[in-house]
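With mature numbering (1 follows the signal peptide of the UniProt record, and there is no 0) applied, the sequence shown covers -22 to -1, 1 to 45.
Bear in mind the hints are in silico, worked out from the structure with no lab data behind them. Ideal Cβ positions, reconstructed from N, Cα and C, are used throughout, including at glycine. One or more of the hints may lead you astray.
[Stated by the list, open to error] Pairs of lysine-lysine residues, derived as BS3-like cross-links and limited to a Cα-Cα distance of at most 25 Å, are as follows:
#1 44 / 19
#2 16 / 44
#3 13 / 44
[Unchecked claim] Cβ pair distances, simulated, as ranges:
#4 39 / 17: 17 to 25 Å
#5 43 / 12: 15 to 23 Å
#6 27 / 6: 41 to 49 Å
#7 7 / 32: 29 to 37 Å
#8 7 / 28: 19 to 27 Å
#9 10 / 31: 21 to 29 Å
#10 26 / 6: 36 to 44 Å
#11 6 / 29: 44 to 52 Å
#12 14 / 39: 12 to 20 Å
#13 36 / 8: 15 to 23 Å
#14 9 / 42: 37 to 45 Å
#15 15 / 39: 21 to 29 Å
#16 7 / 29: 38 to 46 Å
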Amino acid sequence: MKTRLITSLGFALALSAMLPLAGQGLVTPLVSVVKGEKNFKTGYDPINVDGTINAIIEIPAGTTAKY
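With the hints as constraints, model all of the structure from the sequences given.
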């Protein structure tokens, strides 16, 4: 029981030590932009000549959910 409490306190202390870094601007977010030759929504036909289908799959940042 004591070991578990000490371990939990150690993790909490380590995490709280990292928080000031975000507030000081030392952590920069990664920004990625995908630009194609055409507009992804209006530049392509939904169905190709060979019968295959084009689709847009959105994956919101920070998640694995797909819409």
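Notebook entry, point to check: Can the suggested window of 21 to 29 Å be confirmed for the beta-carbon pair residue 15 and residue 39?
Noted result: holds, 24 Å
Item checked: Pair hint outcome, residue 16 versus residue 44 [Cα-Cα no greater than 25 Å] -> Holds: residue 16 and residue 44 sit about 22 Å apart, inside 25 Å.
Notebook entry, point to check: Is the distance from the Cβ of residue 9 to the Cβ of residue 42 consistent with 37 to 45 Å?
Noted result: Taking Cβ atoms as reference, residue 9 and residue 42 lie about 19 Å apart, which means the hint is violated.
Next item on the list: Confirm or reject the claim that residue 7 and residue 29 have a C-beta distance inside 38 to 46 Å.
Entry: holds, 41 Å
Check: Given the hinted pair residue 13 and residue 44, is their alpha-carbon gap at most 25 Å?
Finding: Within the cut-off at roughly 20 Å; holds.
Check: So the hint says 15 to 23 Å: do the beta-carbon atoms of residue 43 and residue 12 match that?
Finding: holds, 18 Å
Check: When you take the CB atoms of residue 7 and residue 28, is the distance between them in 19 to 27 Å?
Finding: Taking Cβ atoms as reference, residue 7 and residue 28 lie about 40 Å apart, which means the hint is violated.
Next item on the list: Return holds or violated for the Cβ distance of residue 27 and residue 6 against the range 41 to 49 Å.
Entry: holds, 45 Å
Notebook entry, point to check: When you take the CB atoms of residue 39 and residue 17, is the distance between them in 17 to 25 Å?
Noted result: Between residue 39 and residue 17, where Cβ atoms are some 21 Å apart, the hint holds.
Notebook entry, point to check: CB of residue 10 to CB of residue 31, is that within 21 to 29 Å?
Noted result: holds, 26 Å
Checklist line | Outcome for the supplied range 12 to 20 Å, where the beta carbon pair is residue 14 and residue 39 | finding: At roughly 19 Å between Cβ atoms, residue 39 and residue 14 fall inside 12 to 20 Å, so the hint holds.
Notebook entry, point to check: Is the hinted pair residue 44 and residue 19 satisfied, with a Cα-Cα distance of at most 25 Å?
Noted result: Between residue 44 and residue 19 the Cα gap is close to 17 Å, so the pair holds against 25 Å.
In summary, the numbered hints that this structure violates are 8 and 14.
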